[in-house]
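> Each protein sequence line maps, in turn, to chains R and Z.
Just so we're aligned: the first sequence equals residues 1 to 155 in this note's numbering.
Just so we're aligned: the second sequence equals residues 1001 to 1324 in this note's numbering.
Certain hints may be false.
So the derived label-pair ranges between C-beta atoms look like this [said to hold, decoys possible]:
1) Gln1245/Z / Ala136/R: 58 to 68 Å
2) Pro139/R / Gly1126/Z: 44 to 54 Å
3) Arg141/R / Ala1015/Z: 33 to 43 Å
4) Glu1200/Z / Gly78/R: 33 to 43 Å
5) Leu1311/Z / Asp121/R: 33 to 43 Å
6) Met1196/Z / Ile46/R: 30 to 40 Å
Calculated pairs, DSBU-like style, for lysine-lysine (alpha carbon to alpha carbon, straight line, at most 35 Å) [to be verified]:
7) Lys133/R / Lys1207/Z
8) Lys44/R / Lys1188/Z
9) Lys1188/Z / Lys1077/Z
10) Lys1141/Z / Lys135/R
11) Lys122/R / Lys1077/Z
12) Lys142/R / Lys1289/Z
13) Lys1141/Z / Lys133/R
14) Lys122/R / Lys142/R
15) Lys1033/Z / Lys142/R
16) Lys142/R / Lys44/R
17) Lys1011/Z / Lys142/R
18) Lys1073/Z / Lys135/R
19) Lys1324/Z / Lys44/R
Partial list, derived from the structure: chain Z residues whose beta carbon lies under 10 Å from chain R [said to hold, decoys possible]:
20) Asn1005
21) Val1009
22) Met1196
23) Arg1201
24) Gln1245
25) Ala1257
26) Glu1305
27) Gln1306
28) Leu1311
29) Arg1314
30) Asp1316
31) Phe1321
Hints were generated in silico from the structure; no laboratory data involved.
Ideal placement from N, C-alpha and C gives every residue a C-beta, glycine not left out.
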Amino acid sequence: MSAALNETAGGWEPLIVSFCCNWCSYAGGDLAGTSRMSYPVNVKVIRVPCSGRMNPMFVLRAFQRGADGVLVAGCHPGDCHYTSGNYQSRRRLSAFKRLVEFAGFEPERFEVRWISSSEGDKFAEEMTSITEKIKALGPNRKMRDARWQSVTSKV
Amino acid sequence: MAERNVESVNKVREAVSQDLLGGRIDLLLGWEKGHYWWQSRPLFARSEADLEKLAWDSFCAVNLSRYLLEELKDHDKVGVLVKGCDARAFNRLLQDNMVRREQVILYGLPCPGMLDYNRLVEKAGGAPLEITEENGRVIIKVGSGEQEAQRDDLLLDKCKDCRYPDPAVYDQLLFSPQGEKEVTERFKTVEELEEMSAEERFGYWEKELSRCLRCYACRQACPFCSCRECFVEQENPRWQGRAYQPSENFMFHLVRAYHGTGRCIDCGECERSCPVDIPLQELNRKLIKDINELYGDYEAGLDPEQEPPLLTYRPDDPAAFSEK
Ligand code: SF4
Ligand code: SF4
Ligand code: SF4
Ligand code: FES
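This is chain R alone, in the form it adopts within the complex (with noise of 0.2 Å):
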């Protein structure tokens, strides 16, 4: 997360930070490159075990050091390597959702979606519309801490 893409001289480019668990949606991602499609470089890829790892202060402390937009990506229900992972984080990261919608975040900004180790498609277009979403909604300010940026910003 250090190279922040956000503000460069060239003009206003979104990071998005996903976090993909390792077993569906990173090898979804390898798929995807492998196949050579392309998602845009706008997205930084960050592995976690499982879906059901993701503690919801990661997602906050990328929004602290610059993210745009965060997705979180796993298994389909029923194919968690661990069985259970993703449907904890069902509830989890619905519930944390809609907290942070609460606390006055656009809806685009924290995402989940499922996506198998198969659709390296789906992954090349989650990837692609969130991005997109992300540059429509413009940079986001919310949590941003001003003395990360004021590092990034020199990358």
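We have chain R; now place chain Z with the ligands onto it with these hints.
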């Protein structure tokens, strides 16, 4: 204060003194009068003389169960006076494995609701000198005379919207139950906030949270905040910075509230403890409302056998995001 109170205090004292003086409990958690007549603070009674100070009046808002976390370190068996919210708080601690049922004797006090000093001042139009209560009315004495008001209009916020004034768990019930109360305005402010645009809501919270001193009184008062190490004090990673700025305020408030998902018993003690009146209940209640909408009605603290919503799932659960 009113006769009713002298009588009922005696009844409470009678019930607990046998157990305390007979050695069935080592400590009784109750209330005693504070510095002002409109304050009742926690009483830690170990002797007959301590029990003389016992109070049970319209200002016993402090949730006593939270003190068990500390007191059970030094005492084998503790007695606690529990109103509806103290009892649900006890169940919260029980479910979190912070206490064992056999370490505690609970004396149930169906609760008529506690009064808000600020509302007394407002009604009286000045500093009240004393109050008397009868039949659901409160007579407030001020320097210039008397004011009368409906008791229900003088309740603390947390009591106005309290659905379960009777203890959900007890060993002895000391008075007759109040019955489940109908509350209509519990989610009113949440709904009003939901109606706003994202920008307006953010502005609202940014302003409200800007007063936060990060004193963590809200956490200290809360029965679900029983973590040995809270994220705000964790050093590595240091989730919570100390700087006084919006980003850190949101971090604390969103995470604290989120940690209460399906666990907050809606006792309102966090908000009542806050020295700068941050509307913490609106965050807590937003989560209660959503969890109920998404995963079925659940009232934390009512039934310790019922699985909290975030500790379970159903394969066909709905989601607040697109699952296509
Ligand atoms: S968050 Fe507030 S209302 Fe909820 S249990 Fe804790 S102190 Fe009570
Ligand atoms: S805020 Fe969270 S981490 Fe801190 S004590 Fe409460 S529940 Fe535990
Ligand atoms: S009690 Fe109030 S001021 Fe203190 S940390 Fe909690 S919200 Fe902030
Ligand atoms: S391993 Fe992918 S969601 Fe659990």
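> To test your reading of the hints: which numbers does this structure violate?
1, 3, 8, 9, 10, 11, 13, 15, 17, 18, 20, 21, 26, 27
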